[in-house]
Amino acid sequence: MSKIIELKNVNKWFDKFQALKDINLEVNQQEKIVICGPSGSGKSTLIRCINRLEEHQDGQIIVDGKEISENTKDLEKIRAEVGMVFQQFNLFPHLSILDNCTLAPIWVKKMPKKDAEELAMKNLERVQIADQAKKFPGQLSGGQQQRSALARALCMEPKIMLFDEPTSALDPEMIKEVLDAMVDLAKAGMTMIVVTHEMGFAKEVADNMIFMDEGKIIEKAKTKEFFENPKSDRTKLFLSQIL
Amino acid sequence: MNLSILKSDKKNLNSFIAAGSALIFIGFIDIILSSFFSTNITAFLPNKISYLTPLLFGLFGLYLIRIEFSGNKLLDKVNTNFNSSNFNALLTLLVIFALIKYIPPLLNWFVFDANFAGNTKEDCTSGGACWVFVKVWLNRFVYGLYPDTEQWRINTAFLTLFLLVGASFFVPQKFKKYIIIFLLFVYPIIGLKLISGGDFGLKYVETGAWGGLSLTFIVSAFALILCFPIGTILALGRRSKLPAIRYTSIGFIELWRGVPLITVLFMSAVMFPMFLPDGTYVDKLIRVLIAITLFEAAYMAEVVRGGLQALPKGQYEAAKSLGMGYWKMHFLIILPQALKLVIPGIANTFLALVKDTPLIFVVGLLELAGMVNLAKTNPKWLGMAMEGYVFAGLVFWVICYVMSRYSQNLEKKLKTER
Chain A
1 MSKIIELKNV NKWFDKFQAL KDINLEVNQQ EKIVICGPSG SGKSTLIRCI NRLEEHQDGQ
61 IIVDGKEISE NTKDLEKIRA EVGMVFQQFN LFPHLSILDN CTLAPIWVKK MPKKDAEELA
121 MKNLERVQIA DQAKKFPGQL SGGQQQRSAL ARALCMEPKI MLFDEPTSAL DPEMIKEVLD
181 AMVDLAKAGM TMIVVTHEMG FAKEVADNMI FMDEGKIIEK AKTKEFFENP KSDRTKLFLS
241 QIL
Chain B
244 MNLSILKSDK KNLNSFIAAG SALIFIGFID IILSSFFSTN ITAFLPNKIS YLTPLLFGLF
304 GLYLIRIEFS GNKLLDKVNT NFNSSNFNAL LTLLVIFALI KYIPPLLNWF VFDANFAGNT
364 KEDCTSGGAC WVFVKVWLNR FVYGLYPDTE QWRINTAFLT LFLLVGASFF VPQKFKKYII
424 IFLLFVYPII GLKLISGGDF GLKYVETGAW GGLSLTFIVS AFALILCFPI GTILALGRRS
484 KLPAIRYTSI GFIELWRGVP LITVLFMSAV MFPMFLPDGT YVDKLIRVLI AITLFEAAYM
544 AEVVRGGLQA LPKGQYEAAK SLGMGYWKMH FLIILPQALK LVIPGIANTF LALVKDTPLI
604 FVVGLLELAG MVNLAKTNPK WLGMAMEGYV FAGLVFWVIC YVMSRYSQNL EKKLKTER
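Line order of the protein sequences matches chains A and B. Mapping the first sequence onto this note's numbering, position 159 (from 1) lands on 159, and the numbers just tick up by one. Mapping the second sequence onto this note's numbering, position 126 (from 1) lands on 369, and the numbers just tick up by one.
You can take every hint at face value.
Derived lysine to aspartate or glutamate pairs resembling EDC-like cross-links, with alpha carbons at most 20 Å apart:
#, chain 1, residue 1, chain 2, residue 2
1, A, Lys135, B, Glu654
2, B, Lys563, A, Glu70
3, B, Lys556, A, Glu76
4, A, Lys159, B, Glu560
5, B, Lys571, A, Glu81
6, A, Lys8, A, Glu70
7, A, Lys73, B, Glu560
8, B, Lys563, A, Glu157
9, B, Lys571, A, Asp99
One side only, chain A facing chain B, incomplete, derived with CB under 7 Å:
#, residue
10, Leu53
11, Arg79
12, His94
13, Ala104
Computed far set for chain A versus chain B, every beta-carbon distance over 10 Å:
#, residue
14, Lys8
15, Asn11
16, Trp13
17, Lys21
18, Ala133
19, Glu214
20, Lys220
21, Lys222
22, Lys236
Don't read these hints as lab results, they were simulated from the structure. The C-beta atom is built at its ideal place from N, Cα and C for all residues, glycine as well.
Please build the complete structure, drawing on both the sequences and the hints.
The following block contains the structure:
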């Protein structure tokens with residue numbers, strides 16, 4: 001399996017506050033990584049750097065063979081290959097669910113409208129929400145909105161999917177429907193980096209676990225080892241608190 | 244006196260209603276008699292008290308009928324809506340009395356005592372409004388000094404415009420796009436050519452002769468269509484990450500917002516030609532249009548910027564994460580939402596623009612209000628300012644009200660949140 005994302009000595013500052021400290025990370029194709037850690041530990045910042053929603057100041061980030069920096073000309077092309085699901089869904093409220101899904105394929109990938117709609121319906125079916133296609137985001141429940149957001153990202157046929165706490169803003173009974181959709185996606189072989197506190201999901205899906213604190217990767221390990229035999233005391237403490 | 248013994252209960256409900264209604268009735272009779280028949284039934288009282296008697300009668304009457312849960316639906320409705328406390332009863336009475344006192348004289352002036360027949364000032368004899376003035380000058384109020392024989396050109400231009408706009412509401416979605424593009428980019432040129440003439444065997448009519456309501460429409464329409472995109476670009480520019488673009492936008496907006504429109508128009512007429520090379524001439528109307536457009540664009544920019552700032556950051560991030568560049572993100576995601584948010588503000592700016600058009604008189608262009616101004620100084624029609632300005636005011640009000648209603652409909656139509 002080949003490397004698709006590579007981070008080398010990445011540092012990031014928000015003014016004087018250092019959010020990321022010497023991050024080194026390699027992600028192979030089809031690998032599933034779950035990142036956990038206390039709030040403010042830099043997990044979200046880390047994955048937002050991968051599609052440059054945040055800029056890193058030092059080090060290298062290479063996605064699918066292309067380095068991301070301020071000189072990157074075809075940043076849009078790289079972003080089109082990296083799907084992202086947000087904590088707050090961020091659906092476009094002025095468009096129907098179907099239009100949310102077809103907009104980027106039509107305008108960014110120049111796909112004919114008919115093909116884009118077919119693709120959108122396929123993905124909406126995949127997250128079991130095809131019957132809501134004509135509705136507007138404001139008319140759906142949180143879980144349905146998040147699944148729509150997942151479908152929207154999938155319509156760009158990305159090589160990598162990033163999840164930024166996808167279930168944190170949901171009511172408990174809706175978390176499962178979103179996680180189920182994500183498990184399906186993982187089984188289909190998508191490369192995934194997921195920031196989440198859903199440890200049940202992590203155990204089921206993740207190949208590797210990462211624990212972050214204070215902008216550093218404290219521990220990276222195979223999932224089984226991470227839960228059964230964590231090395232760092234900080235990880236042990238964290239796991240004892242959330243499990 | 245302890246008023247609490249005057250409080251009713253279910254038993255003597257009817258007598259209270261009767262007494263209260265009688266008092267209110269006397270109050271109304273009093274005010275009506277004193278306003279219209281100059282008889283004061285309470286003249287025996289001292290002057291100041293007699294002036295207030297209708298109010299006192301009414302207040303006491305309303306106090307008596309203020310019965311909670313009386314069981315009478317009409318009475319309960321009156322009490323909750325107009326008579327819930329002594330203060331509200333007072334306000335209710337004051338408003339009704341003011342209407343009784345001032346509406347009839349106004350109606351008399353407008354309609355019943357007004358003069359409609361005749362052709363000269365001398366035909367106005369009855370003391371009300373002299374609408375003869377408006378009737379005689381109507382042609383000028385609408386067409387300005389445009390030659391009578393050529394007025395069909397203005398009619399044709401506006402009729403076509405209204406037909407096209409009307410058609411755009413009824414044709415299927417597929418053609419609507421083309422009609423709107425035609426209306427925005429092609430029709431203004433055709434319309435202007437038709438009105439100004441000079442080619443195709445049409446007599447040339449210089450812009451100095453344009454005027455009246457048709458000029459109001461022409462100036463407003465062009466300024467509206469042009470200031471909107473310019474304002475939007477300026478709003479985006481002010482939020483740009485590139486310092487050159489940002490500071491240019493800020494400078495432009497603050498410069499134009501800080502200057503009164505009348506000075507801008509004056510500069511466009513007097514100063515602007517000095518900067519042009521010798522021999523070039525830009526028509527007065529075009530200079531004015533540019534001035535108004537840029538002036539209103541600065542206001543529009545700030546309105547649109549308000550909308551841009553109201554959007555959550557997540558919308559930008561979602562658009563970026565789907566691979567959209569700056570322009571696609573703004574035209575597909577950000578602007579549709581931001582503009583929808585600020586429809587009330589945009590309508591506000593548009594209304595202000597329409598009502599600013601009379602200021603073009605400083606460069607000698609006379610639209611509706613300007614023509615009224617001209618007509619009232621005509622020696623044969625001196626003293627007609629009131630009629631003229633009331634007419635101009637009504638016309639402006641109708642235009643603005645239509646625009647305001649349209650913006651409210653648009654808001655409702657575009658609403659997608661639950």
